[in-house]
Every structure is written in structure tokens, then in C-alpha cells.
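Number of protein chains: 2
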Amino acid sequence: MAEYTVTVEYNSTEKQFKVQKGTILLDALGEEERAQIDTPCGGKGICGKCKVTVIGEVPAEITAEEKKKLSEKELESGVRLACMTKVEGDIRVILASQSAYMQILEMGIEYKGESAPCVQKQHVSLSQPSLEDQRDDYQRLAEQLEIDDLPICNRELSKLPELLREQDFEVTAVYNQQEILTVEPGDTSSSNYGVAVDIGTTTVVAYLADLGSGKKIDIASDQNKQKAYGQDVISRINHTMKNEDGLDQLQDLIVSQINDLIHTLVKRNKVELEHVYSVILAGNTTMIHLATGLPPRYISTVPFIPVRKKRMLLSASELGIEIAENGRVYVLPMISGYIGADIVGAILASQIYQSTETNLLIDIGTNGEIVMGNKDGLVSCSTAAGPAFEGATIRHGVGGITGAINTMEMGSKDLVYTTIGDKKPIGICGSGIVDSVSTLLFLGIIDQTGRIVSEDEISTETGKMLSNRLTTVDNEPAVILATSKETGKEDIVLTQRDVREIQNVKASIAAGILTLIKHTGLEVEDIDHVYLAGGFGSYINRIHAVNLGLIPSALEERITVIGNAAGSGAMMALISKNRLFECDRIGEETEYVELSSLPQFQEDYVNCMFFGDTV
Amino acid sequence: MAEYTVTVEYNSTEKQFKVQKGTILLDALGEEERAQIDTPCGGKGICGKCKVTVIGEVPAEITAEEKKKLSEKELESGVRLACMTKVEGDIRVILASQSAYMQILEMGIEYKGESAPCVQKQHVSLSQPSLEDQRDDYQRLAEQLEIDDLPICNRELSKLPELLREQDFEVTAVYNQQEILTVEPGDTSSSNYGVAVDIGTTTVVAYLADLGSGKKIDIASDQNKQKAYGQDVISRINHTMKNEDGLDQLQDLIVSQINDLIHTLVKRNKVELEHVYSVILAGNTTMIHLATGLPPRYISTVPFIPVRKKRMLLSASELGIEIAENGRVYVLPMISGYIGADIVGAILASQIYQSTETNLLIDIGTNGEIVMGNKDGLVSCSTAAGPAFEGATIRHGVGGITGAINTMEMGSKDLVYTTIGDKKPIGICGSGIVDSVSTLLFLGIIDQTGRIVSEDEISTETGKMLSNRLTTVDNEPAVILATSKETGKEDIVLTQRDVREIQNVKASIAAGILTLIKHTGLEVEDIDHVYLAGGFGSYINRIHAVNLGLIPSALEERITVIGNAAGSGAMMALISKNRLFECDRIGEETEYVELSSLPQFQEDYVNCMFFGDTV
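Each protein sequence line maps, in turn, to chains A and B.
Residue numbers are given in my numbering: position 221 of the first sequence equals residue 221, and the series is strictly consecutive.
Residue numbers are given in my numbering: position 574 of the second sequence equals residue 1189, and the series is strictly consecutive.
Calculated from the structure, these hints are not laboratory results.
Take these hints with a grain of salt, some might be off.
[Said to hold, decoys possible] Cut-off 25 Å, straight-line C-alpha distance, at most; resulting in silico cross-link-like pairs (DMTMM-like, lysine to aspartate or glutamate):
id: 1; chain 1: A; residue 1: Lys-489; chain 2: A; residue 2: Asp-474
id: 2; chain 1: A; residue 1: Lys-518; chain 2: B; residue 2: Asp-763
id: 3; chain 1: A; residue 1: Lys-310; chain 2: B; residue 2: Glu-676
id: 4; chain 1: A; residue 1: Lys-577; chain 2: A; residue 2: Glu-591
id: 5; chain 1: B; residue 1: Lys-774; chain 2: A; residue 2: Asp-474
id: 6; chain 1: A; residue 1: Lys-310; chain 2: B; residue 2: Glu-703
id: 7; chain 1: A; residue 1: Lys-310; chain 2: B; residue 2: Glu-618
id: 8; chain 1: A; residue 1: Lys-159; chain 2: A; residue 2: Asp-414
id: 9; chain 1: B; residue 1: Lys-831; chain 2: B; residue 2: Asp-748
id: 10; chain 1: A; residue 1: Lys-518; chain 2: A; residue 2: Asp-474
id: 11; chain 1: B; residue 1: Lys-774; chain 2: A; residue 2: Glu-557
id: 12; chain 1: A; residue 1: Lys-424; chain 2: A; residue 2: Asp-414
id: 13; chain 1: A; residue 1: Lys-577; chain 2: B; residue 2: Asp-763
id: 14; chain 1: B; residue 1: Lys-1133; chain 2: A; residue 2: Asp-222
id: 15; chain 1: B; residue 1: Lys-925; chain 2: A; residue 2: Asp-245
id: 16; chain 1: A; residue 1: Lys-310; chain 2: B; residue 2: Glu-771
id: 17; chain 1: B; residue 1: Lys-1104; chain 2: B; residue 2: Glu-777
id: 18; chain 1: A; residue 1: Lys-67; chain 2: A; residue 2: Glu-132
id: 19; chain 1: B; residue 1: Lys-774; chain 2: A; residue 2: Asp-252
id: 20; chain 1: A; residue 1: Lys-67; chain 2: A; residue 2: Glu-589
id: 21; chain 1: A; residue 1: Lys-310; chain 2: B; residue 2: Asp-748
id: 22; chain 1: A; residue 1: Lys-577; chain 2: B; residue 2: Glu-799
id: 23; chain 1: A; residue 1: Lys-310; chain 2: B; residue 2: Glu-785
id: 24; chain 1: A; residue 1: Lys-242; chain 2: B; residue 2: Glu-676
id: 25; chain 1: A; residue 1: Lys-242; chain 2: B; residue 2: Asp-763
[Stated by the list, open to error] Some residues of chain B that are not near chain A, with every Cβ distance over 12 Å (derived):
id: 26; residue: Glu-703
id: 27; residue: Asp-752
id: 28; residue: Asp-763
id: 29; residue: Asp-825
id: 30; residue: Gln-866
id: 31; residue: Gly-908
id: 32; residue: Arg-912
id: 33; residue: Ser-930
id: 34; residue: Ala-999
id: 35; residue: Lys-1038
id: 36; residue: Lys-1100
id: 37; residue: Lys-1104
id: 38; residue: Glu-1203
id: 39; residue: Ser-1212
id: 40; residue: Leu-1213
Every residue, glycine too, gets a C-beta built ideally from N, C-alpha and C.
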């Protein structure tokens, strides 16, 4: 069979793949390249997100799906769907580098407290053995460290005799509460580093900290490369179920990505990798399962059972994490299959578990996780918000990348928007979608039921100014947000289906909040603080969020944005072992309400489909 | 360079080795073959122990050393020293199979108590998960086991979800106090086996136990294959120091030997290897270091420092011990560089640490280890007895093999002896040596100073009947114990130098006992019980041992032989975790007296050189 060469340009580099005639272009690429391509529909030609540009003559026939999803102009300029195009000759493909321009939320609450990390270092100067003091080498060290009886692995122990004598009994011990991890020559006690990692379904953020001072040194982030195997946790779980080595594959991907981030951090900051002894992992329950090699399959089906929720302490080398040879990985505990270690981290960072006032913590991503309560008790739930706010199920939705419309409001005569990086608009991201729907709601172009009205139904005068923006796309009503003139390509529209997606998200979040309020027997007004965690919560416009009814209007003035709280929590646990141990209590004592088991939730959900206050 | 074939016959099998012209025969052999050859002098042609028979024409010249060490008759029948003979042509070599006929002490004190081993099994039937009971798989198991919070490695944890569901939530957990080792399908709780191993410098004994019933099932033993690298601990330590991979080599040897013994035991008793979850190791401090891969070098020089004395808990797979995949190895603690885990085992087995009476425990091997005391305190010392009783430094000394003279006494007119297996005498083993020296001492042929007297100095009439047995060998006085007529080869003699060797052993043991008695402020008569442990102690004739002065005459009637007490102790620790934990106290609380640091000991030693009571 004929073999063709696919040359891929991406991030100013070029790679070649040899594939058999007829291979689907998406399958022809390597993992790294696939990770740059969005495939929320799983390669079925439905979502139209996997656009790539094919340069030169494209021998492959344009499929019906491509004709439907790509504009004339796009087709002319060589844009194709990677999931549909077959390789029928030598071709050259250009990928838009997403991650290079992706807006990833790294910042959060800063930890201010003493540095007392799990992995400690202590320099000791031991007395020499003699006939009067025949203590063995281990005992001599352990007694001086005042950590008698702490185990040490035989590989490390076997090096001890020579090390002690070569160093004239001056060494530095590295240990945690479980064991002596290693013993180093001389005094290296001032070099103790750790990395906190928040593994999101979409993005991975890693923080490097100096555990001597407790200071954050640097941050690195990237899109989660597992994206190549599905946009959301369910499709990743499906991948592990359908492929015998699927779990290994996804684990290898995330582990090597964590390694890449760590390497970037240590290189950039001139830190020795062998002085990084600890890693803290946060992430949703599925991401943690994938990263630690635990099969996540029973999380995806009723009754949603994880393998293990408790905090884990793992050997970095066993996990494949490349830090100091005997380094350790601490995995924050989880609360349920859909309230993960990321939320435990966010609870830690927000300190709502110690607060005397009543708090509401909301993290909206693919799932919306909601936690309510204070030091006397926390209750949580998770709602399947779906990836609409990440742009995935929205016709022109994109992530927070350069060129994404990120704000929208009514100007004096027409809609006014901004884009990330102030570039030509290429799509619309989460905050832009919320702004758009909210603005059109204000203007009466969308009604409370979520319907895009017809021109003659527009209920406001201002709204009528936009009547020329009403259109139909694939036989459904739509509103043009940016014209082809502005985009240089096709119009960017908000379709009726897009609005329904947003209604679903709104309904699930609002009904989740309502459920917790009912569960605690409180009223909306009793909530003193609302903490918005995660990327979406950070970039969202509060007025629009309240207008949609995502957050009860009574709470508008009580909102605090806390950024990447999962990452902040992981950092705190990295720097302070007491904080880490508090996570255990958070994991064990936070109540979890399974919404799918509550008939009332379904009713609330339907009622909350209306835009505006429904809680 | 020419290459020759060395064909070795041993144990009814034949092996071939290709070696270069001029290779020393000993170096031409494999490890297994070398282990069958005694080389106490380290291959220097001094001891004459490495005799092998070379069949057919032997092209290599007979060396001066061989002429000195081998009789005419031996040389005629093809006997050569393996350490001196060069390979100068294709040759065929016959090794006498020692281990097949070696008398190894396996029996000891039987443990009678409840079975409560470290590694336990428990069958559980778990409730099914539901929306009302969303506990994760680990938690569901751990709570039912009532061992909440016990870690489990991720490899095992990752198998749990499928296992539980395939087995309808009926499984058997295998766990110790540290972790859940594995989870098995269905109910396998009745299959729990363990192996206790006593690693002696000379012999290795392994006991298989059913940890459900606490019953000993079977015993297997062999000579320690490390023998090929030296007869005693010091030469083995030297091997690890002189060869970069020496420690690995010796560790591999003992580990594979332990594996062989375990395989023999499970095969013979139709036990599944995967149902053997625990191994207990006892042995002297150096053997334990070699088996666990810890460098023993600082044990061999002042101030004799081990790497670690405390009890160790190791992963069997990391150590290379082939039992259940996640099996564990418990290493009994040690007291000092020369009071090892074997003595801790012997203290446990003899129960002197719980006794209200005053006890003396003596284990004579290459070193003589002596422990004195009771429940209020134990004090120990180790004396460098040397391997004389194992036959190594005695001209015609042999181990306890078939054909060894093992008893000797004066008959009506002449000496009367027995041999192991009632075969033609081929040498003299430990008990035979003690009997011989003692008998000659009774008869006045050896005087109290250890001198072999001349014919006219014999002080007893009976002794004079043996005057024809007096001879000289290599210009030193000697006594013929078995004539060439009886042996079919050369005379078996006891030389003046041999007697001096025995005096050294006697002096070191007696001075050791004296030191402990002085240290405790007691008198000889205060000792209520003397426990003789180990092979030598089991086979020795008490009357002769007392006559030599090895054991004070006042204690003759208080002697109890306790056999392989180290092995018995290891068995007890295997069956009962409480006994294992008691070893920690024994290890920590038994005082150790370093004889080499006591000037008084040297004086006592010299005084104890006289035969007879010196304590």
C-alpha cells in the first residue's frame, strides 16, 4: 500500500509522519500534535473544532461534514477538518499553536505562614564511632536527628557507611514523617525544593517553591496533553475502557507533562532537580486516578465509585515523576467521584473550613463543583455543567486563546467586544459567551426562556438597533456577534443551540446552589461570602453572571474571585505539612450530596432553566 | 592461547568448563562447584583442604605445596589440590559431594503457642456500592477489615475495582501492620505460609510453616554457597572489599540459595509459592549484611560497626526473594557486629530473656557467642573462637560429613572411635576433636599446658598403651587417631599445632564466660542453666567439654542442648508477631561487652589456655 509523508508545522518546528494511504489526518499525527487540536466530538465530524490548514494541493475529497462545518473561504484557504480528511498524497499541515497563547489561570491566593514542609532536611555532625560507642551507622544518625526508628530503604542505607566516613560524619538527612529518604554529603540543608501541581482536565499548572523559605519561585503551565484523547473526563475514562493500554497511555502523557513542567521550572530557576524532593498533586478525581494509574472506570457510571479517595503518599520514581531519586509524591484527598483533590485544595486555600461565617465556594469548569458551609461543617455537590464555558459545545466557542472574544456589551449603537490579545476575533470564549447571552437578555433579543426572538418580538428599543444581527444558521435562529468583515473569515454567531447550552450550565449551577441551601436549611441571604475559583470564575463579569442567574443577585456584592484555588491549596500543602494534614479532615468531613439521587434536583433544574434569579 | 576443557563430575551430574591453558583449577570451576570445595586458607596451598580427584593423565606438574599436603597414595590415585593445580590439558575432575552428606543441625526447640503471624489473611464479604453508599473501593475494604488507613501500593490498588466486581465483593485481604499487601479473589484465608531462614556462615536452614495452624511443615538445609569466597565472615567481608561487585555477588549467592530452599520446601509440600507471604531471616551480623546488601566492611575492623542493627522489614521482591509478589521479609535485629540476629533468635527460643533464674547461653561456631542473664537483664560477648571445631584449621579436620570421626574414647587396649555414617574414616569433625583431645588429656598424653608429651613422659598406665601412636608430622609431635590401614589412605593424626588450635578455642570461650561472670558480679555456681546452641553444642560430649574446661565443671549437670536455637527463634517470630516484637527488646536491651577493649580479658585468656577448669 502506498505510503505518504505528512509534514506538520507547529510552534516553528516541523515534524514528518509516514502514513498509509487513506489514513485519517488526525490519526496520522503524534500525541503532541493531537494535543493541539480540539476534538470535543471525538472525531465524528460534528463539532467542527479540529480545523487545520493544509498547504498546497490537497488530493483528498472534501467530505459532506467538512462542507457543513467549513465556510467557502476556509475551504479555499485550505482549512480542513483533521478528523475527516484522508491522507491521499504527501501533504503539509499547519497547526495553530494554541497552548502558546492560551490564557491559563496560574495566580491565586498566596500562602503566608511558616515553612514546615513534609520533606525536611537537617544537617548533622555526628560523633565518631569507637570501642566505647559502637552504635551502628543508622542508629548514630537517627539518634542525632531525633527521629529514632524511622525506616530507611536498603538502597540508601547501603551507601551510608562510606558516605559517613568520606564526609567525616558531616551529612544532611532528608526525611519525612514516614522515612529517611536520603542522606547527602556535607551541609545541603538550605536546598529543599518542591513542586505543587494542579492537574485540570484542560490545563496543568505547576508551582515551584523553595521549602526553606516557603516562597513561591515560579509557575509553569500548559494545556493537558490528554486532550488528544477527549475533552472531558468521561471521554478520557472511555478511552481507558476501550483500549487495553489506554490507562497507561493517559498516565504516561500526564506524567511526562508534569516532568516537562518540572524541568522547565528547575532549569529556568537554576535549581538542581535532585534537590526537589516533594510533589503535591491536586486535580479532579478522574485526573488524579489517571495520574496515579488507578482505573477510573467506575467513576463514570452509577453509583460513581472512585478506587480511593484518601490522601496518597507515593514514591516519585514508581510513578515516573523525575525529581530526587527517593522523592515523594503527595496526592491530596478527594471527596467523591466528582468532588476531587482540586476542590479539597480550593477549600484549604479559601479557608472556608476554618471560617465562622457561611461561605459558598463555586468552581465552574466542565463540572460545576459547589461547596457550602463553614468550620462547623461543609456540604458539597457536583453538577454536570458541561464544557460550554470552555467553548467546546458552542458553535464558535474557543478556549481562552488569542483572538477569542472575551467581553461583550452594548455600545451606543451596536455591540462592542474585546478579544484576548486585541487580535482579529476568531471565536468566543467563556466570559465572552456569558457577556453575550446576558447582553442579549438585557436587550430582549433573548427572552427569559432562552429563546432568540424574531425581529418583531425584540422588546427593547436598544435591542431593535441590533435587528440586522439576527440571522439563521442551519435553519436555527442565531445572532451575529462579529461579522465576516471583522473576522476576515466567516461571521461569528451565537446560535439558538448555543443559548440552550448556556441555559443548561446556568440551570445546573443554580439548581446545585439551591440544593445545598435547602440541604443546610439556610436562606440565600445567610451566605456571607461567595468564592469563585478557577479560570472561568476569574474572568467572568459578575454583573452578567448575576443577570443570567448563575449567582443569586442577593450575593453580587459578596463575591470574591480566588483564582486557581486548587493550585494555591496544593502550594499551601507543599509548604506546610499541617495544612496537608488538614486536607485529610476536609476530605473526610465534607459531606457530599449526590444530585442524581435527588428527585427534587430534577425539578429544581427545570425551574432554573429560566434565565435570571431562580434560587 | 590454547583452551582446554575441564569436565567436572559432581552429584552424579557432569559439567564442562572451557578455560585458558594455565588456569588454576579452582578458578576454572563454577560457583556451585567451588562451594563444594573447602578453601579455608583462601587458595594459598597451606591448608590442604581443597582436594579433588583428577582422572586420567594429569599433565600439570605437581607443586611443592601438593607434595607437602598430599600423601604418595593420594597423589598416585590422582588427588590434587584444586588451588595449586594448573589446567594444562583436557581433564576430568571428580568432586566429593559434601552437602549431600553434610550433617546439618535442623532441629531445635518447638514453638508451642497461638499462631498470630505478622502477615495475616482475612476473608471479607463487602456490601455493594450504591448511590446511598458511595464509599470508594479501598474504604469499603479497609472498613470491613477494621484496618482503616493502612496503606496499599498503587499496583495492588489499581487491580481492586475489577477484582471486587468480578468476585461479587468476596475477597481475601493479605496484610501486616504496615500495609495491605495484596487482595485475592474469593476466600483463600486458609492458605497462609511463611518461611524462617537461619543463615549460618557454614550452613543455611529453612523452615516452612503453615501460619494458619502455626505448625512447622518441613525443613530444608544446605551448605552456605558463599563458602566458595571464604570459610569465615572475615574472608567474605574481605571479598566484598577487594571486588567491586563482591557484595552483589555474595548477596546474589545467598538470595538464590534461599530461593532454592524455599522452592524445595513448597514443591515437596505442594504449597503454592504465591501463598508464602513472609520470610524471617536470622543469621550472624555479617550474613545478614550480605543477604540484605548492606556493606559489612566496618564490622571487620576496630571498632566493628554494623550499618544497622535494628529489625528490618523489606520487600521480598526488592531483595530478590521469590515468594508472593508483594511478600515481606523480616530480618531479626542484631546486638553488635559479632552478636547477630541468630543469637537474638536463640535468646528468644531459649526464653532466657523471660526467665527468673540465671542463664548462660553458648553458641560455638567460628565465633563463640555467650549470653548471660535473665529477665532483669542480659549481657553478651563474642570471642573469636576460630573455625577449629568446624575442622577448618585442623590438619585432618573436616565438617560433619560422612566418614568424619565424631566420637573418640579409650577402649580396653586402644582408642575406639565412631564415624558419621559408619564409613571408613576420612577426617575428624568438631565433636571428634574435642573427644580426642580430652581423651588424650585424661590419658596424660597431652598435659594441662597442651603439650603432646614424649613417650617416656606419659603419666598414666593406660596412656602408655598408646605410645605406638605417638609420631611426628612435619617435625612436630602428633598422635595417630586412625591408621592408614583403617583409612585406606594416610594416617589421620592430631598434631601439636591442632592441639594449640583447640586450646585457643577453649581459652576464648572460657575467658568469655569468665568475663561475663565478673561483669555481672556473680559466681559460677549462681548459673542455674547452661544452654548449648548450634551444631557443635548439640553434638559435643559434655564430659569431654567439661574435661577440656570449655564449660565449668560446676555446671556439667545444668547443661541443656537446644539445637538450632537461631532457627527455632526465627520460627517463633514467624508464627507469632508478638515474639517478633519481643526480639526488638532483646536487640536493644541486651548489653554487649567488647572483649577487645578489656585489658583484663587478655590476661584471662592466657590463664584459660590451660586445659581444665579455669573459670
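Comparing the hints with the structure gives:
Distance hint between A/Lys-489 and A/Asp-474 is fulfilled; the C-alpha atoms sit about 18 Å from each other, no more than 25 Å. Taking the CA atoms of A/Lys-518 and B/Asp-763, the gap is near 33 Å; set against the 25 Å cutoff, the hint is violated. For the hint linking A/Lys-310 to B/Glu-676, the alpha-carbon distance of about 74 Å lies beyond 25 Å, and the restraint is violated. Taken as a hint, the A/Lys-577 and A/Glu-591 pair is honoured in the structure, with Cα atoms around 24 Å apart against an allowance of 25 Å.
Simply put, B/Lys-774 and A/Asp-474 have alpha-carbon atoms about 48 Å apart, too far for the 25 Å limit, and the pair is violated. With a C-alpha separation of about 70 Å, the suggested pairing of A/Lys-310 with B/Glu-703 is violated against the 25 Å cut-off. Proximity of A/Lys-310 to B/Glu-618 is assessed by CA-CA distance (about 65 Å); at most 25 Å being required, the pair is judged violated. Between A/Lys-159 and A/Asp-414 the alpha-carbon distance is near 74 Å, which puts this suggested pair outside the 25 Å criterion.
Proximity of B/Lys-831 to B/Asp-748 is assessed by CA-CA distance (about 44 Å); at most 25 Å being required, the pair is judged violated. Between A/Lys-518 and A/Asp-474 the CA atoms are separated by roughly 42 Å; this puts the pair beyond 25 Å, and the hint is violated. Among the hinted pairs, B/Lys-774 with A/Glu-557 is inconsistent with the structure: their alpha-carbon atoms are about 49 Å apart, more than 25 Å. With a C-alpha separation of about 18 Å, the suggested pairing of A/Lys-424 with A/Asp-414 holds against the 25 Å cut-off.
Straight-line distance between C-alpha atoms of A/Lys-577 and B/Asp-763 comes to about 21 Å, which keeps the hinted pair within the 25 Å bound. Restraint check: the Cα-Cα separation between B/Lys-1133 and A/Asp-222 comes to about 74 Å, which exceeds 25 Å; the hinted pair is violated. Taking the CA atoms of B/Lys-925 and A/Asp-245, the gap is near 43 Å; set against the 25 Å cutoff, the hint is violated. As the CA atoms of A/Lys-310 and B/Glu-771 are separated by approximately 16 Å, the hinted pair is consistent with the 25 Å bound.
Using a Cα cut-off of 25 Å, the hinted pair B/Lys-1104 and B/Glu-777 is violated, with the two alpha carbons roughly 70 Å apart. Straight-line distance between C-alpha atoms of A/Lys-67 and A/Glu-132 comes to about 89 Å, which puts the hinted pair past the 25 Å bound. A C-alpha spacing of about 18 Å is found between B/Lys-774 and A/Asp-252, which places the hinted pair at or below 25 Å, so the restraint holds. Restraint check for A/Lys-67 and A/Glu-589: the C-alpha separation of about 54 Å exceeds 25 Å, so the hint is violated.
For the given pair, A/Lys-310 sits about 16 Å from B/Asp-748 by alpha-carbon distance, which is consistent with the 25 Å threshold. Restraint check for A/Lys-577 and B/Glu-799: not satisfied, since their Cα atoms lie roughly 35 Å apart, outside the 25 Å limit. Taking the CA atoms of A/Lys-310 and B/Glu-785, the gap is near 22 Å; set against the 25 Å cutoff, the hint holds. The suggested pairing of A/Lys-242 with B/Glu-676 is violated, with an alpha-carbon distance near 73 Å, which exceeds 25 Å.
A threshold of 25 Å between alpha carbons decides the hint, and for A/Lys-242 with B/Asp-763 the separation of about 33 Å lies outside it, so the pair is violated. For B/Glu-703, the condition that its CB be more than 12 Å from all CB atoms of chain A holds, with the nearest at approximately 42 Å. Consistency note on B/Asp-752: stated as away from chain A, yet its beta-carbon is not over 12 Å from all of that chain's, at 5 Å minimum. The beta carbon of B/Asp-763 is not kept farther than 12 Å from every beta carbon of chain A, the shortest such distance being approximately 9 Å.
Non-interface status of B/Asp-825 relative to chain A is upheld: no Cβ of that chain comes within 12 Å, the nearest being about 29 Å off. In this structure B/Gln-866 is not separated from chain A by more than 12 Å, as the shortest Cβ-Cβ distance comes to only about 10 Å. Chain A draws B/Gly-908 into its interface by the beta-carbon criterion, the shortest separation being 6 Å against a cut-off of 12 Å. Under the 12 Å C-beta cut-off, the non-interface status given to B/Arg-912 relative to chain A is violated; the minimum distance is some 7 Å.
Distance to chain A contradicts B/Ser-930 as a non-interface residue, since its nearest Cβ pair spans about 9 Å, not more than 12 Å. With a minimum CB-CB distance of about 15 Å to chain A, B/Ala-999 clears the 12 Å threshold, and the non-interface call stands. The claim that B/Lys-1038 is not at the interface with chain A holds, since no C-beta of that chain comes within 12 Å of its own (minimum 45 Å). Residue placement check: B/Lys-1100 keeps its beta carbon more than 12 Å from all beta carbons of chain A (closest about 53 Å).
Listed as a non-interface residue, B/Lys-1104 keeps its Cβ farther than 12 Å from every Cβ of chain A; the least gap is roughly 47 Å. Its beta-carbon lying about 10 Å from the closest one in chain A, B/Glu-1203 breaks the requirement of being farther than 12 Å from that chain. Not every CB of chain A is more than 12 Å from the CB of B/Ser-1212 (nearest about 4 Å), against its label as outside the interface. The beta carbon of B/Leu-1213 is not kept farther than 12 Å from every beta carbon of chain A, the shortest such distance being approximately 10 Å.
In summary, the numbered hints that this structure violates are 2, 3, 5, 6, 7, 8, 9, 10, 11, 14, 15, 17, 18, 20, 22, 24, 25, 27, 28, 30, 31, 32, 33, 38, 39 and 40.
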